[in-house]
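S.K.: Take a look at the letters that make up each chain.
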Amino acid sequence: MEFVSKIFAMAIVAIFVQNFVLMRFLGLCPYIGVSKKLDSALGMGMAVIFVMTMASTFTWLIQSYLLVPLKLEFLQTIAFILTIASLVQLVEIIIQKTAPALYKALGMFLPLITTNCAVLGVAILNINEEYSFIEAILNGFFAGLGFTLVLILMAGIREKLDKSEIPASMKGMPIAMIVAGCMALAFLGFSGLKI
Amino acid sequence: MSIILYSIATLGILGLIYGIGLAFASKKFHVEVDPKIEEINEVLPGVNCGACGLPGCSAYAEAIVTRNEEINKCAPGGDAAVKVIAKILGIKASTKERQIAVIHCQSGGYDNTFLRYNYQGICTCKAAVLITQGPNLCNYGCVFQNDCIAACKFDAIHLDKNGMRIIDKEKCTGCGACVKACPRNLIELVPISKQVHILCSSHDKGAEAKKRCGNKTACIGCGLCVKKCPVEAIEMQDNLAVIDYEKCVSCGQCASVCPTKSIVDPIAEKRGTAFIIEENCIGCTICKKKCPVDAIEGEVKKVHKVDPEKCIGCEICVNVCPKKTIEIR
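In order, the protein sequence lines correspond to chains Y and Z.
All residue numbers for the first sequence refer to the working numbering, where the first residue is 1 and numbers rise by one.
All residue numbers for the second sequence refer to the working numbering, where the first residue is 196 and numbers rise by one.
The reader is advised that the hints may include incorrect statements.
Said to hold, decoys possible - Negatives, chain Z to chain Y, calculated, CB over 10 Å: (1) Q294; (2) E383; (3) I387; (4) V459; (5) V488.
Said to hold, decoys possible - Taking lysine-lysine and the DSSO-like style, the derived pairs with C-alpha atoms no more than 30 Å apart in a straight line are: (6) Y:K104 with Z:K422; (7) Y:K104 with Z:K231; (8) Z:K268 with Y:K104; (9) Y:K36 with Z:K348; (10) Z:K222 with Y:K97; (11) Y:K160 with Z:K321; (12) Y:K97 with Z:K231; (13) Z:K465 with Z:K442; (14) Z:K375 with Y:K163; (15) Y:K171 with Z:K366.
Said to hold, decoys possible - Estimated spans, in silico, between C-beta atoms of each pair: (16) Z:P250 with Y:I152: 21 to 29 Å; (17) Y:I152 with Z:D350: 33 to 41 Å; (18) Z:I523 with Y:P174: 56 to 64 Å; (19) Y:T98 with Z:E441: 46 to 54 Å; (20) Y:K171 with Z:V452: 45 to 53 Å; (21) Z:G248 with Y:S5: 57 to 65 Å; (22) Z:G207 with Y:S169: 13 to 21 Å; (23) Z:G251 with Y:I78: 32 to 40 Å; (24) Y:T77 with Z:G248: 48 to 56 Å.
Don't read these hints as lab results, they were simulated from the structure.
Because the structure is a prediction, the values reported are computed rather than measured.
Don't be surprised by glycine CBs; every beta carbon is placed ideally from N, CA and C.
Work the whole structure out from these sequences, hints included.
M.R.: This is the structure in structure tokens:
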């Protein structure tokens, strides 16, 4: 029971309180770039969830069974980036074959996950927080969920913004920036939660 | 020392494993992509103007390869793009004549427009035409809020000193964005070789049209141009003369008789007369039959002659002569 409540708390923290985009300010590029359409935002979110979960799994294994025994912790960043890049490449190849429509919608943003700091961020956080293997995987999954949540919220708002009357100088990127700021302010409210 | 070796070995082995994994995956999940699509996409200008009728340049490139779309639809790319695409596909280039925009109104400047009232609303033509049919007296003329300039993606429309919109023939790609933007439908796409234009769109009756035009160049629907046109390219449509550019030979006869100068002929001074080089003429009489003003005389198998008094310089004979022996001088 204690484990379940710990997992629940971890989920709340990863999704709301310490949201990767709006509280830790990681992964801002896809947050602004892929949030123009709801369906491509959903696709991107799914890709990020998948990559984050996989990255958490593999980087934890590499850290625990390769870097720590060999006392090579200083290689953490480069080893993790290598792992993440290969993973994203793999996801891209598989999506291109199995779901061409999704591949088309994500376009150039899939390779961008490679250098996405959110993915590297979750991998390094898992190690710093000294999570167990299961916890690390779940944390990666929840962080991806949190990312997807704000991405979809943002895409929904931006789709509505496209149809509403906005002064010409504020159309597109400027209003998106302001909306992003407002969302970050709203998420700041979650930091009052006592967990 | 050992730590250096360990780190090199660790990263090396990691990289090797990932590399092999990826190579395996890319073989297993290999997708055939037609390289022609990418090549054509690079040739296209990439401005995504939509002149081809597809949502963007890459969509057009894909349509060309996968759905046999015609290759001459890209207005900004022009002949150059068509030729390269034809080379990529290994087919014959069918270029179509470049079209440019023509504004069929000579009013709308600072000092050649009669105003009904001083418009101070939102600065777009679409808004201006909504209030009592627009701020200018003529219900068909330009309302000078320059929606066409805003719509032009190629910086091809400029204002002159009098505030008139001038189309830059070099920069205009004929994409049609301004045609759609003009709420008065004053703009038309015309093949670039056509020089003579009726620059009025007023369907008002003669006296009324004349009274309302600030430039005094309204078409009054007199029909003189219709009678004068040697190729029957002008038609009266509800008090307005309209040129059928498919038939028009840009001879400028209509402009010479237009009483209000609503027909403009920029090459009137430069136009020459036809001249038959006698040595090469075989007397086939084709030019004689085709001449719209009967300016060519001659009998079968005898050298023909052009009457310079009658010749209007339309160049029809130049184009039909099988021996290419007629020149414009």
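S.K.: Determine for every hint whether it applies to the structure shown.
M.R.: Tested hints:
1. Q294: Holds, since 29 Å exceeds 10 Å.
2. E383: 28 Å, holds
3. I387: 33 Å, holds
4. V459: The claim holds: V459 (chain Z) sits with its nearest Cβ about 35 Å from chain Y, beyond 10 Å.
5. V488: The assertion about V488 (chain Z) holds, with a minimum of 54 Å to chain Y.
6. Y:K104 with Z:K422: Not OK: K104 (chain Y) and K422 (chain Z) at ~59 Å, beyond 30 Å, violated.
7. Y:K104 with Z:K231: 18 Å, holds
8. Z:K268 with Y:K104: 24 Å, holds
9. Y:K36 with Z:K348: 23 Å, holds
10. Z:K222 with Y:K97: Distance ~11 Å between K222 (chain Z) and K97 (chain Y) Cα, so the pair holds.
11. Y:K160 with Z:K321: Distance ~24 Å between K160 (chain Y) and K321 (chain Z) Cα, so the pair holds.
12. Y:K97 with Z:K231: Holds, at about 20 Å.
13. Z:K465 with Z:K442: 21 Å, holds
14. Z:K375 with Y:K163: Given pair K375 (chain Z), K163 (chain Y) holds - Cα atoms ~21 Å apart, limit 30 Å.
15. Y:K171 with Z:K366: 28 Å, holds
16. Z:P250 with Y:I152: 21 to 29 Å: Hint holds: Cβ distance 24 Å, inside 21 to 29 Å.
17. Y:I152 with Z:D350: 33 to 41 Å: 39 Å, holds
18. Z:I523 with Y:P174: 56 to 64 Å: 57 Å, holds
19. Y:T98 with Z:E441: 46 to 54 Å: 52 Å, holds
20. Y:K171 with Z:V452: 45 to 53 Å: 50 Å, holds
21. Z:G248 with Y:S5: 57 to 65 Å: Taking Cβ atoms as reference, G248 (chain Z) and S5 (chain Y) lie about 60 Å apart, which means the hint holds.
22. Z:G207 with Y:S169: 13 to 21 Å: 53 Å Cβ-Cβ, so the 13 to 21 Å window is violated.
23. Z:G251 with Y:I78: 32 to 40 Å: 39 Å, holds
24. Y:T77 with Z:G248: 48 to 56 Å: 50 Å, holds
Violated hints, in rising order: 6 and 22; the structure is consistent with all others.
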